[in-house]
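> Chains as they are written, first to last, in the numbering used here: chain C, 3 to 410; chain G, 3 to 410.
None of these hints come from the bench; they were simulated from the model.
Wrong hints could be hidden among the right ones.
A pair counts as met if it fits within one copy or between any two copies, since identical chains are not told apart.
The calculated DSSO-like cross-link candidates involving lysine-lysine, where the alpha carbons are at most 30 Å apart (straight line), are [said to hold, decoys possible]:
id	residue 1	residue 2
1	Lys206	Lys32
2	Lys403	Lys282
3	Lys206	Lys6
4	Lys350	Lys15
5	Lys403	Lys350
6	Lys351	Lys403
Number of protein chains: 2
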Amino acid sequence: MEIKTNGGIASPKGFMAAGIEAAVKYQNRKDMAIIYSEKPCVAAGTFTSNVVKAAPVKWDMKVVEESPFAQAVIVNTGIANAGTGREGMDCCEKTAEKAGELLGIPKESVLIGSTGVIGAQLPMDRILAGVEKLVAAREHSDTAGTDASKAIMTTDTVNKELAVTLDIGGVTVMIGAMSKGSGMIHPNMCTMLGYVTTDAVIGKEALTSIIKEDVVDTYNMISVDGDTSTNDTLLILANGMAGNPEILPGTPEYEAFKEAVHFINETQAKRLAGDGEGAKALVECHVINAASKEDARTLAKSVICSSLTKAAVFGHDANWGRILCALGYSGAEFDPEDMAIYYAAFGKKILIYENGMDAGYSEEEATEILSQPEVQIIADMHMGTYDATAWGCDLTYDYVKINADYRS
Amino acid sequence: MEIKTNGGIASPKGFMAAGIEAAVKYQNRKDMAIIYSEKPCVAAGTFTSNVVKAAPVKWDMKVVEESPFAQAVIVNTGIANAGTGREGMDCCEKTAEKAGELLGIPKESVLIGSTGVIGAQLPMDRILAGVEKLVAAREHSDTAGTDASKAIMTTDTVNKELAVTLDIGGVTVMIGAMSKGSGMIHPNMCTMLGYVTTDAVIGKEALTSIIKEDVVDTYNMISVDGDTSTNDTLLILANGMAGNPEILPGTPEYEAFKEAVHFINETQAKRLAGDGEGAKALVECHVINAASKEDARTLAKSVICSSLTKAAVFGHDANWGRILCALGYSGAEFDPEDMAIYYAAFGKKILIYENGMDAGYSEEEATEILSQPEVQIIADMHMGTYDATAWGCDLTYDYVKINADYRS
Chain C
3 MEIKTNGGIA
13 SPKGFMAAGI
23 EAAVKYQNRK
33 DMAIIYSEKP
43 CVAAGTFTSN
53 VVKAAPVKWD
63 MKVVEESPFA
73 QAVIVNTGIA
83 NAGTGREGMD
93 CCEKTAEKAG
103 ELLGIPKESV
113 LIGSTGVIGA
123 QLPMDRILAG
133 VEKLVAAREH
143 SDTAGTDASK
153 AIMTTDTVNK
163 ELAVTLDIGG
173 VTVMIGAMSK
183 GSGMIHPNMC
193 TMLGYVTTDA
203 VIGKEALTSI
213 IKEDVVDTYN
223 MISVDGDTST
233 NDTLLILANG
243 MAGNPEILPG
253 TPEYEAFKEA
263 VHFINETQAK
273 RLAGDGEGAK
283 ALVECHVINA
293 ASKEDARTLA
303 KSVICSSLTK
313 AAVFGHDANW
323 GRILCALGYS
333 GAEFDPEDMA
343 IYYAAFGKKI
353 LIYENGMDAG
363 YSEEEATEIL
373 SQPEVQIIAD
383 MHMGTYDATA
393 WGCDLTYDYV
403 KINADYRS
Chain G
3 MEIKTNGGIA
13 SPKGFMAAGI
23 EAAVKYQNRK
33 DMAIIYSEKP
43 CVAAGTFTSN
53 VVKAAPVKWD
63 MKVVEESPFA
73 QAVIVNTGIA
83 NAGTGREGMD
93 CCEKTAEKAG
103 ELLGIPKESV
113 LIGSTGVIGA
123 QLPMDRILAG
133 VEKLVAAREH
143 SDTAGTDASK
153 AIMTTDTVNK
163 ELAVTLDIGG
173 VTVMIGAMSK
183 GSGMIHPNMC
193 TMLGYVTTDA
203 VIGKEALTSI
213 IKEDVVDTYN
223 MISVDGDTST
233 NDTLLILANG
243 MAGNPEILPG
253 TPEYEAFKEA
263 VHFINETQAK
273 RLAGDGEGAK
283 ALVECHVINA
293 ASKEDARTLA
303 KSVICSSLTK
313 AAVFGHDANW
323 GRILCALGYS
333 GAEFDPEDMA
343 IYYAAFGKKI
353 LIYENGMDAG
363 YSEEEATEIL
373 SQPEVQIIAD
383 MHMGTYDATA
393 WGCDLTYDYV
403 KINADYRS
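For reference, chain C alone in the conformation it holds in the complex (with noise of 0.2 Å):
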């Protein structure tokens, strides 16, 4: 596997992307966004698990379940299209109309995604007119992947796209990606938008296993902000351009594949994460030897959502007594006077807590490591053999000022 300089979703042969100014809420900026494939794509994806669905999760929902093929995602960012009521419904049936009629392909074969504020309806005369100029304007290329992946931003700071290569018997195969965070961030299915597109031959069934178990131990292991957001989609679209053999289960080829985009999604993750609202730093929190992966897994998560945690490494302060606080309340058993906590950054890792006290490190050198942008935390459970990781980032006066007033 490597990794493709430049590239993103338009990347992979036969995709074509376009990002472009549609005024939908936001001005002078991209805001909405196409991915279009020249051939049928096997589409598969999860999706929030948020009893409040917007109408475009819901209409992905259908496409995904019930149609055998997807050919394009239109993306609109500004206004999220949820608690739109039967309104919100009918305007992803007019711009996936829209979409298929100048496409030429069945508006059942068109997703659609929206992000920004729940509640308001969609000026849909400029998000057709933006559709229009996506169509027009799309094209294969890793500048069009980077016009989209600018397009779905809403309080991101930075876009983030990545594209790897891959050797599946004999022929070379990519998949690309773009991704958006960064508020409202705790997917439970998913995150807030991901697209994934790959060239690869595969069927439907081995794409839906590959993403539905993959997002288990990466988006689903991301926190902001602990909100569950009611647009979180991910999606994965295989045109099969490549021309590979086809990707069965059960082969080496399955497994590079699915590694491939397990590489993907955590680096996407963990991109989402550390570009959290207001974020200064990555936090990312590694259990170890836990007595089960669900145990690991929920340990993990336990630190990352931590406002107290989250606080004290904005202030640098090795305060590590909130770290063994938020894996006490996880749920999880385990013995508090029978593990060890440790700082770690670039390299460097010491021990801050063993035998249930203060390991007696020094503050010095704790706080030099909670002042890098990236600070692993690790909790060795000494359980048993499962290891979990989970991301989240510092909690700031930036997270408070975006969101105290996010509408104006």
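Position chain G against the provided structure of chain C, taking the given hints into account.
Frame of chain C, contents of chain G only:
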């Protein structure tokens, strides 16, 4: 039931208290408190559900379970005596021994409470000197109770005490209380530290039932930051000195006493929420017509725990999508197309969401409501007949400031 002006834990018959300066961690402020009863008390309590339990929590659990009576409580602030291993347990024993010796009571009838930073060991010389000062200074008066309630504060901005009187079989009985917050508050059994005293005659079993049942709808329904502390303790001591006919389950007197305890606990719990770290407003979520009591509690607590909802209240921003979102990910099932959300404050109530979409309210009116120091969010689930209320606070810059560098 009547509220007693200036009443607190040293107001019921036979109870004494004091608050003194012991310089455990803070200088120039009261930081140790005593509650003492002339006669041995029946004691009941609820404690943190955190797997990591502070030494004083373990000590108190043993006293409440195994000792027939309790007669004194010694509390310090500044250091939590959690994550302190064997040495931490020894500190509790030495403190109880010293207090028992000076008061002429068995060490097994002395309860201990600690609050503050996790991980540091208590300076035992100063703690023991503090116990001496407390025993000498204790007295039966309203002001002594106030001193004690001030001595247990950490980041609280105001002390929290209360007393009520009620008639039991022609005899006036009094109940007093003191509690403290205000960070690491997400009680799951009970709050950080809460103490209730009463001169009523009541058996241990009855007292235990009342406190365990009541905590579910009072202390367990508040949250400041989602972090369940290692030190959560709620204790109730009854010394029987009012001389009323014993309060027995199944009688109107039992119900009246229970109601008075509920009033005390609810009032104190709301005060903790409203005085959460950095808080500018008390946020109350009242869920009505839910399918079950458990659903009602889950929904209400999910809203007051949502960082985004809390930040929106701080910004006086009527961003109801965040409330809908928090209800949606709570885990309770409901139909978002068939429910309603209202904002209310000081008798004014406006409908903001209905039938799956914005109800067309006035932003100006909503902002006015959200600018009040007590904001109510009402969610009408249209599912059944169960109600519940939860209390939290807004998320402010000061919360981050306080917690980014709590230890310095």
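> Indicate, hint by hint, whether the structure satisfies it.
Hints, verified against the model:
no.	hint	result
1	Lys206 with Lys32	neither (32 Å within a copy, 68 Å between copies)
2	Lys403 with Lys282	both (14 Å within a copy, 15 Å between copies)
3	Lys206 with Lys6	within (25 Å within a copy, 71 Å between copies)
4	Lys350 with Lys15	neither (42 Å within a copy, 60 Å between copies)
5	Lys403 with Lys350	between (33 Å within a copy, 28 Å between copies)
6	Lys351 with Lys403	between (33 Å within a copy, 27 Å between copies)
Consistency with the previously given hints fails for numbers 1 and 4, ordered from lowest to highest.
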